[in-house]
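Kindly produce the complete structure, drawing on both the sequences and the hints.
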Amino acid sequence: MNPPAQTPLARVVSRFRRNRIGLISLAAIIVLFVVAAVFAVLSFAHVPFPMDPNATNLERKLLPPNLTNWLGTDNLGRDLFSRMLHGSYISLTVGFVAVAVSLLIGVVVGAISGYFGRWVDNIIMRAVDAIMCFPTFFLILTAVALLGPSMLNIIVVIGLVSWTGTARLVRAEFLTLRETEYVRAARALGQRTPAIIFRHILPNAFAPIFVTAVLGIPAAILTEAGLSFLGFGVQPPQATWGNIISDGKTYLLDAWWLIVFPGLAIFLAALAFYLAGDALRQAAETRSERK
Amino acid sequence: MITFIVRRLLISLVLVFFISLISFFIITLTPGSPYPWGELNPKISESVKANFRKQFHLDEPIWKQYWFNMRGLFTGELRSIKDGRPVLERITERLPATLALNVCAIVIALSFGLLVGVYSARVAGQWQDTALSTVSFALLAIPEFWVAYLLIIGLTEWFAVPLMGTVSHGIVFPNALASSLDWIWHLALPATLLALGSVAAQSRYVRASMLETLREDYIRTARAKGLPSEKVLYHHALRNSLRPVITGIGGLLPALIGGAVIIETIFAYPGIGRLGYQAVLERDYPTLVALNFITAVLVLLGNLLADILYSLVDPRVRLE
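Sequence lines, in order, name chains A and B. So that you can map any letter, position 83 of the first sequence is 83 in the numbering used here, and since no number is skipped, the others follow by simple counting. So that you can map any letter, position 64 of the second sequence is 64 in the numbering used here, and since no number is skipped, the others follow by simple counting.
Hints are computed from structural coordinates only; laboratory data are not their basis. One or more hints might be untrue.
Said to hold, decoys possible - Only part of the chain B face toward chain A is listed, based on derived beta-carbon distances under 10 Å:
| hint | residue |
| --- | --- |
| 1 | Leu15 |
| 2 | Ser23 |
| 3 | Ile26 |
| 4 | Ser133 |
| 5 | Ala141 |
| 6 | Pro143 |
| 7 | Thr156 |
| 8 | Gly197 |
| 9 | Gly250 |
| 10 | Ile257 |
| 11 | Ala260 |
| 12 | Ile262 |
| 13 | Gly273 |
| 14 | Thr295 |
| 15 | Val299 |
| 16 | Asn303 |
Owing to the predicted nature of the structure, the values given are computational and were not obtained by experimental measurement. The C-beta atom is built at its ideal place from N, Cα and C for all residues, glycine as well.
Next up, the structure:
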């Protein structure tokens with residue numbers, strides 16, 4: 001009756017491959033990755049391809065999309081297409097590293113809280129509740145503004161503020177998993193606590209943690225864009241999708257392309273991660289969602 | 001019941017303490033100059049700096065600063081560095097506008113979230129469900145400042161939607177009805193934009209919660225009794241899947257207040273979010289401490305209220 005046994009990972013992969021939206025989003029993410037990586041290298045090597053993103057040309061300012069400047073130019077005559085390409089790695093780097101920081105904190109805090117329980121759990125969870133009451137974006141804005149806006153600060157602050165969801169999730173997984181037979185067996189065999197936590201319990205909580213991580217990336221990308229928009233993102237002349245919009249808003253009614261294209265880039269990048277994350281969640285779900 | 005409420009209130013007091021610590025230390029422990037004129041300005045003499053430090057208790061040890069801050073917050077003596085007015089006064093005069101904006105956004109988020117969520121649960125697994133979930137994620141992925149500007153470009157070109165502030169200036173309205181309509185008209189666009197992401201999130205919660213409830217035995221019983229499927233869906237299932245939705249309102253609030261920073265700034269809407277953004281620009285520490293503290297406590301109270309109300313309505317939670 002049952003299909004032949006598969007490893008859990010193979011099952012997730014085969015279910016993911018049947019999800020068309022998930023595959024398209026994954027393809028989009030890979031393309032984005034390649035573009036970001038290539039232009040990060042070009043940017044650091046100061047290669048002016050397709051044009052120098054920071055070269056001003058006041059004779060060609062605020063031009064609508066045309067054959068030379070595919071997406072038009074800004075108020076200083078800089079090529080919008082080149083600026084967007086050279087700024088693409090900022091969004092992705094912030095998204096990934098900020099999520100890595102928040103995962104690290106969330107997993108450690110959640111694991112400690114769930115594994116030890118009792119008063120440790122109580123104190124940690126009350127602190128988590130307290131942090132969750134704060135309007136996250138405002139807290140991040142405050143901290144980044146006071147620290148000084150730089151890519152490192154943005155990443156650290158987003159990471160430091162957004163780990164609470166992961167911590168709660170990991171804690172819930174640990175509360176269930178620590179009562180399982182194999183964990184008791186490991187404890188009875190005299191395994192040390194860190195080994196039990198990291199070698200026995202954590203791998204079994206991997207799937208939901210991975211899904212939250214993927215869904216956390218677009219949130220971090222959007223937060224960075226919002227900070228950039230308010231002027232507290234990575235500082236000019238470095239172009240980011242958010243600060244192009246922020247600079248372009250002055251020319252709102254004269255140069256729609258300065259708003260439309262970078263916004264579209266942020267939107268599509270975030271959407272790809274959300275849809276891929278959701279497809280992954282569906283593929284990793286053990287319970288069927290059907291009625 | 002009473003013990004439940006008392007217990008929750010005590011826990012909340014502990015939370016308020018944590019909240020006060022976080023809102024104070026996030027601002028104090030971050031490096032950077034507290035002076036509104038910058039650290040190295042040569043025109044400012046040492047005595048002025050010393051006076052400033054004394055006035056705002058910056059020369060005291062940190063735990064004392066914390067104490068002065070919190071005491072000042074509760075007695076209303078904490079003053080803004082920017083204009084010297086009490087922080088509480090600056091915040092309370094902005095509160096009504098923000099509350100109106102947030103209440104509107106919550107109403108929009110809940111009603112649309114409920115509609116979309118119930119519908120998606122009904123068609124779960126079919127193409128409509130996939131389409132709606134894709135649209136929901138699109139709403140989550142849209143940077144709200146971007147849509148705001150797209151709408152501003154579009155609406156000013158084609159329609160006469162008012163964009164800035166809470167009321168139209170320079171127009172004398174004939175009666176109260178006309179002026180309140182003007183006020184609502186100004187609220188429409190920012191509230192809708194603010195609610196976008198929450199509509200998406202809320203509809204996902206409702207859908208998940210409905211699907212969970214639909215698996216219960218009593219739903220099967222109701223179906224087996226031969227009740228029409230609409231009745232089962234809206235009477236039995238919907239009512240019982242509302243709990244996570246209602247308690248989820250608390251989770252909406254921080255996102256809304258945070259999102260309001262951007263929306264209020266774009267629409268020149270005189271609310272808390274814009275006050276916060278200005279305070280950030282002016283490095284107005286007392287206002288920032290107070291704002292972070294007060295909004296977090298408001299969220300906490302909202303959560304508490306939702307929980308208590310729900311335990312009054314739902315007999316299953318009474319014993320918690």
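These are the hints, each one checked on the structure:
At about 5 Å, the closest approach between the beta carbon of B:Leu15 and any beta carbon in chain A falls short of 10 Å, and the interface hint on this residue holds. The restraint placing B:Ser23 at the interface with chain A holds, with a minimum CB-CB distance near 8 Å, inside the 10 Å limit. Checking B:Ile26 against chain A: minimum C-beta separation of about 6 Å stays under 10 Å; hint holds. Checking B:Ser133 against chain A: minimum C-beta separation of about 7 Å stays under 10 Å; hint holds.
With a least beta-carbon distance of about 4 Å to chain A, the hint placing B:Ala141 at the interface is held under the 10 Å criterion. A cut of 10 Å between beta carbons decides the hint on B:Pro143: the least distance to chain A is about 5 Å, and the hint holds. For B:Thr156, the suggested interface contact is upheld, since its CB lies about 7 Å from the closest CB of chain A, less than 10 Å. A hinted interface residue such as B:Gly197 counts as satisfied when its beta carbon comes closer than 10 Å to some beta carbon of chain A; here the least separation is about 9 Å, so the hint holds.
Interface restraint check: B:Gly250 against chain A, minimum CB-CB distance 9 Å, threshold 10 Å, status holds. Interface hint at B:Ile257: satisfied, since its Cβ lies 4 Å from the closest Cβ of chain A, which is below the 10 Å cut-off. Checking B:Ala260 against chain A: minimum C-beta separation of about 8 Å stays under 10 Å; hint holds. Checking B:Ile262 against chain A by beta carbon gives a least distance of about 6 Å; that is within 10 Å, so the hint holds.
Checking B:Gly273 against chain A by beta carbon gives a least distance of about 7 Å; that is within 10 Å, so the hint holds. With its C-beta approaching chain A no nearer than about 5 Å, B:Thr295 sits inside the 10 Å limit, and its interface hint holds. Hint status for B:Val299 relative to chain A: holds, with the closest Cβ pair at about 4 Å, below 10 Å. For B:Asn303, the interface hint holds, since its Cβ comes within 10 Å of a Cβ in chain A; the closest pair sits about 7 Å apart.
The structure agrees with every numbered hint stated previously.
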